[in-house]
Amino acid sequence: GAGVSQSPSNKVTEKGKDVELRCDPISGHTALYWYRQSLGQGLEFLIYFQGNSAPDKSGLPSDRFSAERTGGSVSTLTIQRTQQEDSAVYLCASSPGGGLAGEQETQYFGPGTRLLVL
Amino acid sequence: SQQGEEDPQALSIQEGENATMNCSYKTSINNLQWYRQNSGRGLVHLILIRSNEREKHSGRLRVTLDTSKKSSSLLITASRAADTASYFCATDIGAAGNKLTFGGGTRVLVKP
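Keeping their order, the protein sequence lines are chains U and G. Quick note on this note's numbering: the first sequence kicks off at 1 and runs consecutively. Quick note on this note's numbering: the second sequence kicks off at 1 and runs consecutively.
Be a bit skeptical, because a hint or two may be false.
As the list claims (entries may be wrong) - As a list, the in silico SDA-like pairs of lysine to any residue whose alpha-carbon atoms are at most 25 angstroms apart:
#, chain 1, residue 1, chain 2, residue 2
1, U, K57, G, N31
2, U, K11, G, K26
3, G, K56, U, S38
4, G, K56, U, T106
5, G, K69, G, R107
6, U, K11, G, K70
7, G, K26, U, G40
8, G, K26, U, K15
9, U, K57, U, E85
10, G, K69, U, D56
11, G, K70, U, E85
12, G, K26, U, S38
13, G, K111, U, G40
14, U, K57, G, N30
15, U, K57, G, K56
16, G, K26, U, S58
17, G, K26, U, L60
18, U, K11, U, E85
Said to hold, decoys possible - Here are a few chain G residues that sit away from chain U, every Cβ distance over 12 angstroms (derived from the structure):
#, residue
19, L11
20, I13
21, G59
22, R60
23, S86
In short, the hints are calculated from the structure, not lab data. Glycine included, every Cβ here is placed at the ideal spot set by N, Cα and C.
Using the sequences and the hints, build the whole thing.
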């Protein structure tokens, strides 16, 4: 089916406002990841969902960041009281999941949401 | 600090030449992947090499892995202008789950 989609493509917001970023993973993929990429940098892991297990939130930079995944499919990343340093491209990826512990699976990335906090 | 670090940070070559970039990492890994990113957007998976593999090929791509040196290399042969992109290596960082830790990337410019 279709690949990973993200919305919006671009988001400009004012400092202090809340934003919600959406990710639609590939149908049937049980694993979903959020990453953040600052300008000219590599990707920084934020959060990981696998099926119905508790998410791995170890990469979230502060308590202003949260994410949920409803019905094991769509995920929303919320940033509260945005700061200028939150400006980045937020990338979502999904993978089939269900692999053995330690086995790495190809991740399929969405096009990202470019967030600019003024 | 990042698990993976690419070298060089930037590479400029003529079309037809080969491009080689390296990735070093710090802790033991199960597998290593290479991704390509165009225009700062979504990443495209190129190739995965497992810890018990030393070399892997996919089309014009050749990846090596040296676990004793904790390093990997990506070779693009007979480069084309369309290969212009940023290339990232990524390693798994946990026994459970498939979180990837990315290096800072190598920006490759292939001049026609």
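Could you tell me which of the hints above the structure violates, numbers in ascending order? As far as the earlier hints go, 2, 3, 6, 8, 10, 11, 15 and 23 are violated by this structure, in ascending order.
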